[in-house]
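Chemist: Working from the sequences, and respecting the hints, build out all of it.
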Amino acid sequence: MAGLRDTLSLTSHKRLINIMAFANGLAWGLLMVFGARYIQPLDFALLAMLTGGMMGAAIISYGPLPSAALSYLVPLTVSCVTAWLLSPLPLAFQGVALILCYAAVLTRTILANRDIFVAKVESELALQEKANALRESSETVQLLLNDYEAQSADWLWSVDEDGAIAAPCGRFADACGRDVAGLEGVQFISLFDVSTSRDTLARYLDLREGFRDLIVQLTVADEPKWWRLSARTRADGRLHGVASDITVEKRAEAKVSYMAHYCALTDLANRFLFNETLTRSIKRLDEGEVAAVLCLDLDQFKSVNDTLGHPIGDKLLCEVARRIELAACEGAMVARLGGDEFAVLIDKAMGIEEVEACALRIIQTIDQPFVLEGMQVMTSTSIGIAIGLGHETMPADLMKKADLALYSAKANGRNRFAHFEPGMDEVARERRELEMDLRTALAGNEFVLYYQPLVSVQSGDTAGYEALIRWNHPTRGLVMPSAFIPLAEETGLVVQIGEWVLREAVAQLKHWPEDVRVSVNLSPAQMRSANLIPMIVNAVANAGINPDRLELEITETMLMQDSEANIAVLRKLHDFGVRIALDDFGTGYSSLNYLRSFPFDKIKIDRCFVESIEYNAESRAIIRAITELAGKLGMVTTAEGVETPHQFERLRQKGCTQVQGYLFSHPVAVNNADDHYRLSKSSVEKISSRHDKIEDILQNNIDPESQPDSLRRVMRDGSA
1 MAGLRDTLSL
11 TSHKRLINIM
21 AFANGLAWGL
31 LMVFGARYIQ
41 PLDFALLAML
51 TGGMMGAAII
61 SYGPLPSAAL
71 SYLVPLTVSC
81 VTAWLLSPLP
91 LAFQGVALIL
101 CYAAVLTRTI
111 LANRDIFVAK
121 VESELALQEK
131 ANALRESSET
141 VQLLLNDYEA
151 QSADWLWSVD
161 EDGAIAAPCG
171 RFADACGRDV
181 AGLEGVQFIS
191 LFDVSTSRDT
201 LARYLDLREG
211 FRDLIVQLTV
221 ADEPKWWRLS
231 ARTRADGRLH
241 GVASDITVEK
251 RAEAKVSYMA
261 HYCALTDLAN
271 RFLFNETLTR
281 SIKRLDEGEV
291 AAVLCLDLDQ
301 FKSVNDTLGH
311 PIGDKLLCEV
321 ARRIELAACE
331 GAMVARLGGD
341 EFAVLIDKAM
351 GIEEVEACAL
361 RIIQTIDQPF
371 VLEGMQVMTS
381 TSIGIAIGLG
391 HETMPADLMK
401 KADLALYSAK
411 ANGRNRFAHF
421 EPGMDEVARE
431 RRELEMDLRT
441 ALAGNEFVLY
451 YQPLVSVQSG
461 DTAGYEALIR
471 WNHPTRGLVM
481 PSAFIPLAEE
491 TGLVVQIGEW
501 VLREAVAQLK
511 HWPEDVRVSV
521 NLSPAQMRSA
531 NLIPMIVNAV
541 ANAGINPDRL
551 ELEITETMLM
561 QDSEANIAVL
571 RKLHDFGVRI
581 ALDDFGTGYS
591 SLNYLRSFPF
601 DKIKIDRCFV
611 ESIEYNAESR
621 AIIRAITELA
631 GKLGMVTTAE
641 GVETPHQFER
651 LRQKGCTQVQ
661 GYLFSHPVAV
671 NNADDHYRLS
681 KSSVEKISSR
691 HDKIEDILQN
701 NIDPESQPDS
711 LRRVMRDGSA
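Per the numbering used here, numbering of the sequence shown is gapless, rising by one per residue and ending at 720.
Quick caveat, the hints were computed from the structure, so don't treat them as lab data. Worth double-checking, as some hints may not be accurate.
Taking lysine-lysine pairs in the DSSO-like style, the calculated list, with each CA pair at most 30 Å apart, reads [unchecked claim]:
| id | residue 1 | residue 2 |
| --- | --- | --- |
| 1 | 572 | 510 |
| 2 | 348 | 302 |
| 3 | 572 | 632 |
Beta-carbon label-pair distances, calculated as ranges [to be verified]:
| id | residue 1 | residue 2 | range |
| --- | --- | --- | --- |
| 4 | 478 | 256 | 48 to 58 Å |
| 5 | 428 | 625 | 37 to 47 Å |
| 6 | 194 | 357 | 40 to 50 Å |
| 7 | 478 | 357 | 38 to 48 Å |
| 8 | 341 | 435 | 15 to 25 Å |
| 9 | 265 | 365 | 11 to 21 Å |
Predicted, not measured: the structure shown is a model, and the values here were computed from it. Think of the CB as a built atom: it goes at the ideal place given N, C-alpha and C, for glycine as much as any other residue.
Modeler: Here it is in structure tokens:
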């Protein structure tokens with residue numbers, strides 16, 4: 001509306017000017033008309049001058065407005081022509097012609113001036129618009145810059161031709177930890193710490209060249225900071241740019257880099273950094289120089305985790321890491337490869353003796369007790385050593401050799417170190433093949449149970465059997481448990497194998513007399529399995545047998561691992577009706593305590609006492625103490641590994657309840673009813689007959705050793 005009003009006002013104003021110009025021209029023209037008849041011939045020049053001047057005034061007075069100039073010129077021209085025609089001058093017609101020509105020239109000039117004027121006005125308007133736009137743009141830019149400095153974390157900076165800071169803003173000063181006045185004129189380069197990026201910045205400042213994303217470091221209030229700088233060169237030679245504080249980003253990058261190269265738990269180097277360092281170390285080796293890699297892991301660390309919980313396990317790993325660092329050679333690199341696996345790199349070792357001394361120090365320091373949250377925790381370590389000679393050694397091969405040596409150290413008793421030997425490759429290959437075969441053995445029905453009789457000392461009857469697994473390997477033949485059970489425990493397959501043994505043994509019980517029991521060994525991994533109790537209950541129910549015909553054997557070591565949880569599991573099984581036997585009794589640390597805390601049905605005397613009963617008085621005393629204790633607690637005692645008649649008689653004299661061993665029968669397979677009958681009837685009768693004949697021999701001979709041949713024949717053939 002305002003624009004429309006302005007347009008209407010301008011149109012009215014132009015019309016008014018045109019009217020006034022017309023009136024002005026008409027007034028001057030009429031004046032000449034009235035005065036023309038009185039003019040004298042001598043006044044011709046005056047009239048001509050007046051006419052030309054009055055007509056030329058159109059351009060002078062109304063040139064910027066052509067319509068007004070024409071409004072003035074037309075009535076004036078007509079009046080002048082009339083005045084000349086009315087005048088008594090002799091050359092009136094010639095004057096009229098000149099006036100008309102002059103009017104035409106003036107008209108053409110007015111129109112030409114109009115075009116020039118319009119072009120000039122348009123040019124001035126365009127320049128004015130550009131000036132206005134530039135002013136608005138400058139104001140906008142200034143507003144944006146002000147808003148940028150107020151809202152953004154970045155800030156602007158500018159330096160003069162000498163590299164001095166010019167017109168610093170408040171945010172720039174705050175970032176430097178200074179005030180604005182104190183920052184003015186300071187050399188920009190002096191803000192930053194000495195580094196290659198500082199040198200690069202100095203070169204850009206000297207050359208007055210623009211740059212992008214240059215990262216420089218500085219110190220503000222004793223704290224390291226990082227800025228990202230970008231700049232452009234201005235027309236006056238100054239550099240003007242933007243800076244941003246990327247300290248948080250750099251710290252995050254450093255943290256990510258640290259996490260990629262170091263163990264978050266122990267702060268040791270991780271496998272990635274260890275391998276990188278090993279590769280660089282080997283490349284630097286000169287001819288004849290050696291680098292040694294020690295691979296180690298903790299013995300039985302899993303039991304610590306399972307018994308005491310992962311928080312204690314983590315603290316143990318941290319303490320182990322500190323001890324390894326203290327025991328390692330000076331300058332050696334210690335890394336945690338994962339889990340309870342560690343590695344030590346001895347760069348340019350002085351010799352094998354230095355490496356072995358380092359390994360021995362580590363073993364000895366870790367063998368000392370750890371006190372964690374008021375508890376004493378024991379562990380040990382096994383170490384594998386591999387030596388690299390010269391820069392042609394392959395890092396991956398060196399690590400592999402150290403791993404193989406570690407496996408050898410663990411296989412030969414743990415808590416020791418072993419050097420890599422060429423034959424270890426073949427051992428590792430066989431182990432891998434055995435592991436692969438073991439994983440398919442269950443699906444291939446390659447396992448079979450053998451049963452060894454448990455013989456009553458007093459009656460000679462077979463009171464039950466111990467189920468013992470064998471692996472009927474398609475190419476290796478019959479594989480004994482000692483060859484594959486440790487591997488099954490390492491791979492976790494022992495739980496599945498143990499479940500198969502339990503189900504198979506329980507299923508076999510339904511084919512045997514009601515008074516025959518079967519003993520099955522439980523592994524620590526099975527005890528930790530949440531499926532153990534439901535699986536046993538299901539197996540007993542499916543077989544339709546009395547639960548007390550199943551006897552589960554556990555070791556004292558298993559009770560030491562999370563004893564409360566394990567005893568709770570055993571109580572549930574005992575309440576269900578399953579019998580519980582404590583195996584290898586006397587070889588642990590807290591036997592009497594466990595006997596008091598849980599009502600075991602049977603104690604099995606370890607074979608180490610039976611083997612030495614003939615010549616070791618201490619073994620005889622221990623066996624007597626065990627049998628007397630078991631008798632008072634209402635428990636059965638079974639002696640394992642009975643192989644000689646003398647051992648049998650000594651055990652009978654000491655009050656042992658049951659015996660088992662090669663003296664009576666090797667473990668044998670039972671695959672059908674005939675085999676069962678042979679074991680449960682024929683063997684029992686034969687063993688009973690042997691027992692009676694042994695009694696006769698012993699009653700007639702005070703010293704059983706005086707008739708060893710007779711006793712052996714009785715045990716072998718059933719007759720003296």
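Chemist: Confirm or reject each hint.
Modeler: Structure-based check of all given hints:
1. 572 to 510: holds, 23 Å
2. 348 to 302: Answer violated: residue 348 to residue 302 is near 34 Å, above 30 Å.
3. 572 to 632: Given pair residue 572, residue 632 holds - Cα atoms ~24 Å apart, limit 30 Å.
4. 478 to 256: 48 to 58 Å: holds, 55 Å
5. 428 to 625: 37 to 47 Å: holds, 45 Å
6. 194 to 357: 40 to 50 Å: holds, 43 Å
7. 478 to 357: 38 to 48 Å: The hint (38 to 48 Å, Cβ to Cβ) holds, given that residue 478 and residue 357 are roughly 45 Å apart.
8. 341 to 435: 15 to 25 Å: holds, 18 Å
9. 265 to 365: 11 to 21 Å: holds, 19 Å
Figure legend: structure checked against the earlier numbered hints; the only hint not met is number 2.
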